[in-house]
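Engineer: What follows is each chain in one-letter form.
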Amino acid sequence: MSSVATTSSPDRLSLPDSGGHFGRYGGVFVPETLMTALSELAAAYEVARDDPKFQAELRHHLKEFAGRPTELYFAERLTQHCGGAKIYLKREDLLHTGAHKINNALGQALLARRMGKKRVIAETGAGQHGVATAAVCAKFGLDCTVYMGAVDMERQALNVFRMRLMGAKVIGVEAGQKTLKEAINEAMRDWVTNVRGTHYILGSALGSHPYPMMVRDFHRVIGREVREQILAREGRLPDEMIACVGGGSNAIGFFFEFLEEPGVRLIGVEAGGRGIKRGDHAARFEGGKLGVLQGCKTYILQDEDGQIELTHSVSAGLDYAAIGPEHAFYRDRNRISFAYACDDEVMEAFQLCSRLEGIIPALESTHALVHGFKRAKAMRKDEVLVINLSGRGDKDVNQVAKILGVKL
Amino acid sequence: MSRIQQAFARARAENRAAFVAYVCAGDPDFETSVEVCRALLTNGVDILELGVPFSDPLADGLTNQLAAQRALEGGMTAARVFELVRRVREFSQAPIVFYTYYNLVFANGVDSYVRAAKAAGVDGILTLDLPPEEAGEVSAACRTHGVETVFIIAPTTPDERIATIGAVTTGFLYYVSREGVTGVRDQVAGNIPQAVARIRARTALPMVVGFGIGTRAQVAEVAAHADGVVVGSALVNCVRDHLADRAKIVPAIAARAADLSAGVKRGRA
Ligand SMILES: Cc1ncc(COP(=O)(O)O)c(C=O)c1O
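Going down the list, the sequences are from chains R and E. Under the working numbering, think of the first position of the first sequence as 1, with each following residue one higher. Under the working numbering, think of the first position of the second sequence as 1001, with each following residue one higher.
Just so you know, these hints were derived from the structure itself, not from any lab. Take the hints with a grain of salt, since some may be wrong.
Reference listing, derived: stretches of chain E covered by chain R, where coverage requires no fewer than 3 residues with Cβ under 8 Å from a Cβ of chain R [said to hold, decoys possible]:
hint : region
1    : 1024–1032
2    : 1042–1056
3    : 1137–1144
4    : 1253–1261
What follows is a list of derived Cβ distance ranges for each label pair [stated by the list, open to error]:
hint : chain 1 : residue 1 : chain 2 : residue 2 : range
5    : E       : GLN1194   : R       : ASN334    : 32 to 38 Å
6    : R       : GLU286    : E       : GLU1031   : 37 to 43 Å
7    : E       : ARG1089   : R       : ALA157    : 25 to 31 Å
8    : R       : ARG24     : E       : THR1203   : 27 to 33 Å
9    : E       : ALA1163   : R       : LYS53     : 33 to 39 Å
10   : E       : GLN1006   : R       : LYS53     : 45 to 51 Å
11   : E       : ASP1029   : R       : GLU304    : 19 to 25 Å
12   : E       : GLN1194   : R       : GLU71     : 55 to 61 Å
13   : R       : LYS139    : E       : GLU1031   : 56 to 62 Å
14   : R       : LYS169    : E       : SER1002   : 47 to 53 Å
15   : R       : GLU304    : E       : ARG1202   : 48 to 54 Å
16   : R       : SER337    : E       : PRO1193   : 54 to 60 Å
Ideal placement from N, C-alpha and C gives every residue a C-beta, glycine not left out.
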């Protein structure tokens, strides 16, 4: 198959509209106190985005601090093991602080500095976004507070310590199920209270406009690099690309450059947890319906009355009841399709990747691997599959050992 | 004149501010909650603001978060909240305003939710996380079914936005006196007279002030300027303080409401 010509449809770049809508998804659903801050942020971001100086500064830090570009790695032994398509891994796990999250944290920290905000807050699930935010705040001398669910603090204890080492205050959240959703609630409460001097670095392609757009844009570098790298390696675009989807930031950044390439299949993988039963998973497209949570309209796991449902995933970073609005939009158009991977499959693939490639993947990213291996087996040997390895698994080894019954 | 407009007219005629009380529907249980509403409405409350318990109340401080959690754990559902309103309607014609989050209104269709609310006896809806820009569907449903809309103005709301918010408001405006979430504070924000004047210059709608008001003196201070004073967390705390002996909740709330509501009269004495 030869490379598919880029269509000139302006669609992907024209979204969202000025109100933050991706079709019927997205928007701005926040308390009035935040409305002005959000429109100031949108305005400041749009100016920065079009300012070559800002972009040059960002490129500089992405290279020198974060370690971009990341490799596109041919996973030879996994390819052999699966016996089908050639498997490439986009190595976002090699970035400083261990995951793609630093792309966005750097962009937003530069923006906060430009806006004269001296204090930064963030939420974190797996702790990777918190660690990335703590790192960039240390680097730029910004005061940093990270909210994290108490359950996540326990399962990602290593990341809590890393954040604290870099000078961040980590505040545990005891409400509800004590995971990512509650951390976002608490961060938003902080922001409502301290809005004038504080910037909220939201960590996924979620929430109110301009966050889904801005976070996406800061991660588009992933897909831009993949395009260049795969053309250099294979002389053509991939047949299929797969990424895990929590809020959706690594996936949308990975997919974005390919949205208008009809020959490239795009698949997002959600967390199937213990299986698709109420409260046992976080696969929004399996059990969710349209709703509004934490600033945007999208697919949400909820009950008949609209109360947000409990979620579960072995990976803290995918354990969330809502999905980024842009994913919902492209799913409706059959442009991005979705699958899910369950905890036990994830545990297996985690070990397989470690053993065959010498790469320990983050549990979040391992969801993409699970589905990727299934797809590779079903694909022809001359086909090309690229999986986004959004983060490394160092943070997960304690938890995995515990699940495997290994005493460290 | 609607029940809401009547309440403001009556207060104005008596040269005082209206006293608006917030409690969470179903906190800590359904039957106690009915009696809490009765205690409020017989102790000087002009407008009852009923919090509809939501799993993720991101505009609320800890007091109201815990109240919502108690109510949900006590079995409150959308249907039970409407049932509670019907029970209150058996003994009171005071205006009832829902204080809620958009997903609860949206989940089963905005129009059918608003219709059900009206049928139960609800007069107005305040949706915390629904700015005017996104409120078209709610406004249309409220117009169709005769429910009034309440919107928030914050200290961070710029002047030009006040008119935008006023244009979609049919009931009253709710000025949150400080940046932050709900909850009792030691001091009332200092700039309320200026804020009230700033809003009055741009809209003729009745305006209540709330967030952080918890003592009679604070009520009086705010009542000197606003058309209504909202007290929430201070009342919810009466529930929290007597969870071990629920029989004490209703007398405690009654006494608290009587004490606080006296403030609206003093304010204009
Ligand atoms: C390594 C890694 N991948 C993926 C995610 C999920 O987030 P998103 O869907 O925004 O990429 C996380 C979140 O914590 C993460 O740490």
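Engineer: Now, for every hint given, state plainly whether the structure supports it.
Structural biologist: Here is what the structure says about each hint:
no.	hint	verdict
1	1024–1032	violated (count 0)
2	1042–1056	holds (count 3)
3	1137–1144	violated (count 0)
4	1253–1261	violated (count 0)
5	E:GLN1194 with R:ASN334: 32 to 38 Å	violated, 55 Å
6	R:GLU286 with E:GLU1031: 37 to 43 Å	holds, 38 Å
7	E:ARG1089 with R:ALA157: 25 to 31 Å	violated, 52 Å
8	R:ARG24 with E:THR1203: 27 to 33 Å	holds, 31 Å
9	E:ALA1163 with R:LYS53: 33 to 39 Å	holds, 37 Å
10	E:GLN1006 with R:LYS53: 45 to 51 Å	violated, 60 Å
11	E:ASP1029 with R:GLU304: 19 to 25 Å	holds, 21 Å
12	E:GLN1194 with R:GLU71: 55 to 61 Å	holds, 59 Å
13	R:LYS139 with E:GLU1031: 56 to 62 Å	holds, 57 Å
14	R:LYS169 with E:SER1002: 47 to 53 Å	holds, 48 Å
15	R:GLU304 with E:ARG1202: 48 to 54 Å	violated, 41 Å
16	R:SER337 with E:PRO1193: 54 to 60 Å	holds, 58 Å
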